[in-house]
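Undergrad: One-letter residues, chain by chain:
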Amino acid sequence: AQKITQTQPGMFVQEKEAVTLDCTYDTSDQSYGLFWYKQPSSGEMIFLIYQGSYDEQNATEGRYSLNFQKARKSANLVISASQLGDSAMYFCAMREGRNDYKLSFGAGTTVTVRA
Amino acid sequence: EPEVTQTPSHQVTQMGQEVILRCVPISNHLYFYWYRQILGQKVEFLVSFYNNEISEKSEIFDDQFSVERPDGSNFTLKIRSTKLEDSAMYFCASSEGAAGGARTQYFGPGTRLLVL
Chain Y
1 AQKITQTQPG MFVQEKEAVT LDCTYDTSDQ SYGLFWYKQP SSGEMIFLIY
51 QGSYDEQNAT EGRYSLNFQK ARKSANLVIS ASQLGDSAMY FCAMREGRND
101 YKLSFGAGTT VTVRA
Chain D
1 EPEVTQTPSH QVTQMGQEVI LRCVPISNHL YFYWYRQILG QKVEFLVSFY
51 NNEISEKSEI FDDQFSVERP DGSNFTLKIR STKLEDSAMY FCASSEGAAG
101 GARTQYFGPG TRLLVL
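Chains as they are written, first to last, in this note's numbering: chain Y, 1 to 115; chain D, 1 to 116.
Since the hints were derived computationally from the structure, they do not count as laboratory data. Since the model is a prediction, treat every value here as computed from it, not as a measurement. Among the hints, a few may not be true.
[Claimed, not checked] Taking lysine-lysine and the PhoX-like style, the derived pairs with C-alpha atoms no more than 25 Å apart in a straight line are:
1. D:K42 with Y:K70
2. Y:K3 with D:K83
3. D:K78 with D:K57
4. D:K42 with D:K57
5. D:K78 with D:K42
6. D:K57 with D:K83
7. Y:K3 with D:K78
8. Y:K70 with Y:K16
9. D:K83 with D:K42
10. Y:K16 with Y:K73
11. D:K83 with Y:K73
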């Protein structure tokens with residue numbers, strides 16, 4: 001079974017508008033972490049935001065916020081005021097358990113920002 | 001801002017040859033990782049390394065792969081006898097610690113490996 005599911009292969013958004021990228025996860029662990037990474041066309045992986053399973057507040061980092069709904073097992077990324085430089089692939093990832101090290105990644109969502 | 005660096009950025013090799021991919025993790029980080037991403041596919045975990053030993057590895061990380069921290073700064077991935085299917089982008093990552101946000105993994109720019 002997929003641990004991370006990203007159902008939107010591609011999205012278009014108008015510059016200055018907000019966009020929500022969906023991510024659902026599957027784990028039986030109580031302790032886990034959720035991450036979003038951005039991969040521009042140049043290929044590097046850029047860390048955007050982190051949410052711990054015990055964090056009561058939704059994480060925010062500048063224009064990025066994570067809409068964490070634990071009961072629904074979703075961790076959607078919201079990018080506000082989209083910019084042309086936001087055009088990239090976005091990956092949701094999860095680390096499970098206290099002693100687990102690896103990240104499991106979703107298939108990614110391509111975001112294209114239109115002027 | 002400190003960052004993970006990787007060399008080379010691109011590597012072309014013949015099938016059956018050995019390759020070594022190099023990484024310099026962020027200096028105060030203690031946990032190191034390798035991932036790969038075959039073109040157009042998701043990022044896959046290969047191995048994690050802590051305290052000079054492998055802490056976890058995936059089924060992809062077979063006997064053809066090895067990792068080493070030869071000195072206080074470098075972290076290497078060796079593929080002994082490359083296969084066509086090893087063609088991928090290889091990412092090195094590092095994290096500071098073992099709890100909460102300190103487990104955030106920071107990725108290098110990647111090495112694009114092409115096996116002919």
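Undergrad: A separate judgement is required for each hint: does it hold in the structure or not?
TA: Now the hints, each set against the structure:
no., hint, in the structure
1, D:K42 with Y:K70, "24 Å, holds"
2, Y:K3 with D:K83, "28 Å, violated"
3, D:K78 with D:K57, "14 Å, holds"
4, D:K42 with D:K57, "17 Å, holds"
5, D:K78 with D:K42, "22 Å, holds"
6, D:K57 with D:K83, "19 Å, holds"
7, Y:K3 with D:K78, "28 Å, violated"
8, Y:K70 with Y:K16, "29 Å, violated"
9, D:K83 with D:K42, "20 Å, holds"
10, Y:K16 with Y:K73, "29 Å, violated"
11, D:K83 with Y:K73, "38 Å, violated"
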